[in-house]
Every structure is written in C-alpha cells, then in structure tokens.
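Number of protein chains: 4
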Amino acid sequence: MEVFEQEFEVRDYECDLQGIVNNARYLNYLEHTRHKFLLSKGIDFVQLHNEGIDLVVSRIEIDYKHSLTSGDKFLVRLTTHREGHLRMIFEQEVIKLPEEKLAVKAKVIGVGVKNGRPIKIDNIPGFEKI
Amino acid sequence: MEVFEQEFEVRDYECDLQGIVNNARYLNYLEHTRHKFLLSKGIDFVQLHNEGIDLVVSRIEIDYKHSLTSGDKFLVRLTTHREGHLRMIFEQEVIKLPEEKLAVKAKVIGVGVKNGRPIKIDNIPGFEKI
Amino acid sequence: MEVFEQEFEVRDYECDLQGIVNNARYLNYLEHTRHKFLLSKGIDFVQLHNEGIDLVVSRIEIDYKHSLTSGDKFLVRLTTHREGHLRMIFEQEVIKLPEEKLAVKAKVIGVGVKNGRPIKIDNIPGFEKI
Amino acid sequence: MEVFEQEFEVRDYECDLQGIVNNARYLNYLEHTRHKFLLSKGIDFVQLHNEGIDLVVSRIEIDYKHSLTSGDKFLVRLTTHREGHLRMIFEQEVIKLPEEKLAVKAKVIGVGVKNGRPIKIDNIPGFEKI
Numbered sequence: 181m182e183v184f185e186q187e188f189e190v191r192d193y194e195c196d197l198q199g200i201v202n203n204a205r206y207l208n209y210l211e212h213t214r215h216k217f218l219l220s221k222g223i224d225f226v227q228l229h230n231e232g233i234d235l236v237v238s239r240i241e242i243d244y245k246h247s248l249t250s251g252d253k254f255l256v257r258l259t260t261h262r263e264g265h266l267r268m269i270f271e272q273e274v275i276k277l278p279e280e281k282l283a284v285k286a287k288v289i290g291v292g293v294k295n296g297r298p299i300k301i302d303n304i305p306g307f308e309k310i
Numbered sequence: 181m182e183v184f185e186q187e188f189e190v191r192d193y194e195c196d197l198q199g200i201v202n203n204a205r206y207l208n209y210l211e212h213t214r215h216k217f218l219l220s221k222g223i224d225f226v227q228l229h230n231e232g233i234d235l236v237v238s239r240i241e242i243d244y245k246h247s248l249t250s251g252d253k254f255l256v257r258l259t260t261h262r263e264g265h266l267r268m269i270f271e272q273e274v275i276k277l278p279e280e281k282l283a284v285k286a287k288v289i290g291v292g293v294k295n296g297r298p299i300k301i302d303n304i305p306g307f308e309k310i
Numbered sequence: 181m182e183v184f185e186q187e188f189e190v191r192d193y194e195c196d197l198q199g200i201v202n203n204a205r206y207l208n209y210l211e212h213t214r215h216k217f218l219l220s221k222g223i224d225f226v227q228l229h230n231e232g233i234d235l236v237v238s239r240i241e242i243d244y245k246h247s248l249t250s251g252d253k254f255l256v257r258l259t260t261h262r263e264g265h266l267r268m269i270f271e272q273e274v275i276k277l278p279e280e281k282l283a284v285k286a287k288v289i290g291v292g293v294k295n296g297r298p299i300k301i302d303n304i305p306g307f308e309k310i
Numbered sequence: 181m182e183v184f185e186q187e188f189e190v191r192d193y194e195c196d197l198q199g200i201v202n203n204a205r206y207l208n209y210l211e212h213t214r215h216k217f218l219l220s221k222g223i224d225f226v227q228l229h230n231e232g233i234d235l236v237v238s239r240i241e242i243d244y245k246h247s248l249t250s251g252d253k254f255l256v257r258l259t260t261h262r263e264g265h266l267r268m269i270f271e272q273e274v275i276k277l278p279e280e281k282l283a284v285k286a287k288v289i290g291v292g293v294k295n296g297r298p299i300k301i302d303n304i305p306g307f308e309k310i
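Protein chains in written order, with our numbering: chain A, 181 to 310; chain B, 181 to 310; chain C, 181 to 310; chain D, 181 to 310.
In this list, chains with the same sequence are indistinguishable; a pair is considered to hold if it fits within one copy or across any two.
In silico DSS-like cross-links for lysine-lysine, where the CA-CA straight-line distance does not exceed 25 Å: (1) K300 / K245; (2) K216 / K281; (3) K245 / K285; (4) K245 / K294; (5) K253 / K216; (6) K287 / K245; (7) K253 / K281; (8) K276 / K216; (9) K294 / K276.
Derived from the structure by calculation, the hints contain no laboratory data.
Using the sequences and the hints, build the whole thing.
Given below as structure tokens:
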C-alpha cells in the first residue's frame, strides 16, 4: 500500500486564543495533503473543477489526540482505498515531528460530482491510477 | 430537550475556488455556535482558559449533505448530552434557510482539560446547568 | 454622502494566540462589508465574476488603533468615492460597540478587471449607482 | 542590509471563489515570514507574549500587483529598519517563483506593547540584534 507524506510547520496565525492550533485548521492540512497527493498522480483538483467535475468531501471522522502549537513541525500521512464505486477513502494521520507522535487521525470520504450528481470514481480522469 | 440556534450568513471569503463554502469553514460555524451556547449558560470559553481549564474537541464526525454558497443564510442547531463523566456531546446541524434544508450534520465530542489532564464535566464551573 | 454599515461580532476562532483578533481577519470584515454594500446596490460580486468581470483589491492602507477581542461587537462603516476612471475608493472604519471606539481605519482601492485588463468603473454593470 | 526570505506554496483553500488567493491571506504569509525572521534572531513571538510583551501591527500598506493562484510557488522577502524609538518597519515583497515576478509589496509597521502601553524597541529582548 502506497503511503503519501506532506510536511508542514505550524504558523502562528493558525493557533487560537488557547495557544494551540484551532480544530478547523487540521482540515486545511488534511485537504492540502490530499490535493498534493492527487497532483502526484497527475490529478489537478482545479483543472477538474474547470472541466465540470468537483471532488467534494462527503464525510470526515477526525480524532484529536494531541494538540499542535506554535513552531511545531509535523507531517500528514495519507493512504487511500475505495469503498464501492462512488467513494474514495482517505485515511490520514497528522504526526508531530521529530518524535512521530500522533496528533490527529482522520478518515475522509471523498466523492466526485458532475452536474450536481455523483459520478463513479472510475469515470474521473486520473483516478484509475489510485 | 433544549435546542440552541445561531443564525449565520455565508461570507464570500469563506468560499473556495469551487465556489462553495470550504469544508473546514463549517467547523468554524460549529465552534462559534458552541461558544455562543455556552455563553448563554454563563460559561465563557475564554475565561475558563484564563482560569486554566481548556475545553477542547476530542472528536468530530461530520457529514456534508448539501453545499452552502455565496449569499446563503443558514442556522446552526445544537443539542447536548453527556457521555460518561468526561465527555460532552454536541449534536449539531447546519440548516440552510429559508427552506430548512440540511446542509451538514455533525457530532462533536468536547472534553475539559486542566494541567494537561482530563477533568470531569461536573468539575467545570457552569456545566451543572447543561 | 452615503454611509453603509454592517454589524459583526468577534468569533473566538478569529483570535490568535495573543487573544486578540488577528490582523488578517480585519481584511475579511472589510471585504464582507464591501460585498454587502455592493449587494445593496444590486451588484453581485459572484455574478460579476461569472460574467468575466473581477473586482479586485489593488491597494489597502490599514491602521490598527485598538484591538478587538473575544465577544466584542462592532460595526464596519463604509463610504465610497472614485479616483479617476479606474479606481473605486472604499473608506472603511471598524468601530467597537457600544462605545463607538475606532478599532481600525482603512482605505481600500478596488479596480475592475476583464480579460486580465483594467476596465473603467463606468463599464461595470451597476456601478453607475455608486 | 540583511534580506530574509521564506518560501511558500499556495494551498487551494487559500483561494477564494475568484480562483485566486484571497487578499487577506497575504497578511498571513507576511506575518509568518516576520515571525520566522524574528525566530532566526532568537526572538520568539509566543514567548514574548507569555512574558507580557506583545508585538502588534500598527499599520500596513499593501499593494496587490499580480494575483497568485492554485499551485503557485513564491517567496516572501523581508528587510527591516527602525523609525524612531517605537516603530519597527518591515518592508516585505511577495515574489512569484520561478520567474521572480512581484505579486505583492507591503510596508508593515510593528510596535511593542507592554501593559497596554507602547515600549521602546530597544527594551524588547532580542531586538538589539535587528
């Protein structure tokens, strides 16, 4: 199974008044990692949108295990598999560096939409490679 | 069962290049609603933080049912219940107005943390009222 | 001279680790107020984009006078005038309520762009009314 | 004169419905670069805050020259100088790579605040080095 990794560093503006990364920011990290993964497969999220196919998130389950804070470096690890014909599952972990401590664990379900209707993953150009 | 509601309006900067509200923004809406609900019970998230008690999110399950876009008005509906001594559950729905269409459904688990350790909900000032 | 006003309330996620609203968030408040003002004139920022005309910011001067923080209510006041044929000036103030204390003062220069080139304000539908 | 540089890459969630980086996001990029610069001088924005000294922005002048979009790589260039005893000036440029096209030019005025009052730059630990 292929594992994709993207490195990040917490930016101070991502922290809220508790001094830790705000819960919503992790969805930004997860999304950016998915898009970089897709690009590595030749799939451009923006180009697909311009061609009338939108990749959208239909469900996220996210467990917050350990808070990241100012200056922290971390990576987001991603693996994928399919569930039926319509759903692409992204298993993602946010891992604090250098000690590789699990900060967040998430399961993100993505679907393709064309003209307002779900389309089969197999009918999205580039997805045959993942 | 008490139902708390907070009204919102999509702001254009919350939409991403697909022209719809970005998936992470909904966590902002959900959080703001929780904080307003807590304030309505006399619980100030910021004051608690300053007193050394942090309310943090430990898990979110969120289903994206219908995308919001520029100009949309909506409300976030919230109910709460407890799960054991440590977990406060927030059931939240994002509902597009005026047709009351369900846009997002979420279950958010919040816990209290003091000195890096979980504390009982009953030991957080103000929580006896919810 | 017409004065447009939009009311807001600070949301906790807009505050950074200093416990005050992050400097970038004020640009969100200013933008949302401009778009609401334009809508009040029948000008829809999104529709214009879909018709190939983009309203973009070419310059902002912003003075931060007083920090907003959790729970603060405020309004953004806006007046407009033109500068030459190409530039629409938005004079904007962020004013803390209820004491009407000036928090931020800004001058925002907006221009219209079509096919990558500036267009005259007069040639943007709806702008004859402002 | 010392020039500090920080590299970035546009993340899709930073783009708004016009398909370009939203105007407020550049303030995030500029801030992150200032904080990284300060760290390179041994000055930790967060630690200063915890010691009761807040570095805050008092004024920004920003010119938007060229829009960044999905996938763009860029760097933020920074130089500093003082203006009187109280004001630290950050001259910053956002430069699209690889062609080194100027995207944004900004002048940011920062001041130190302690107990709600401005303090001399010289009295902020670490600032003697810049």
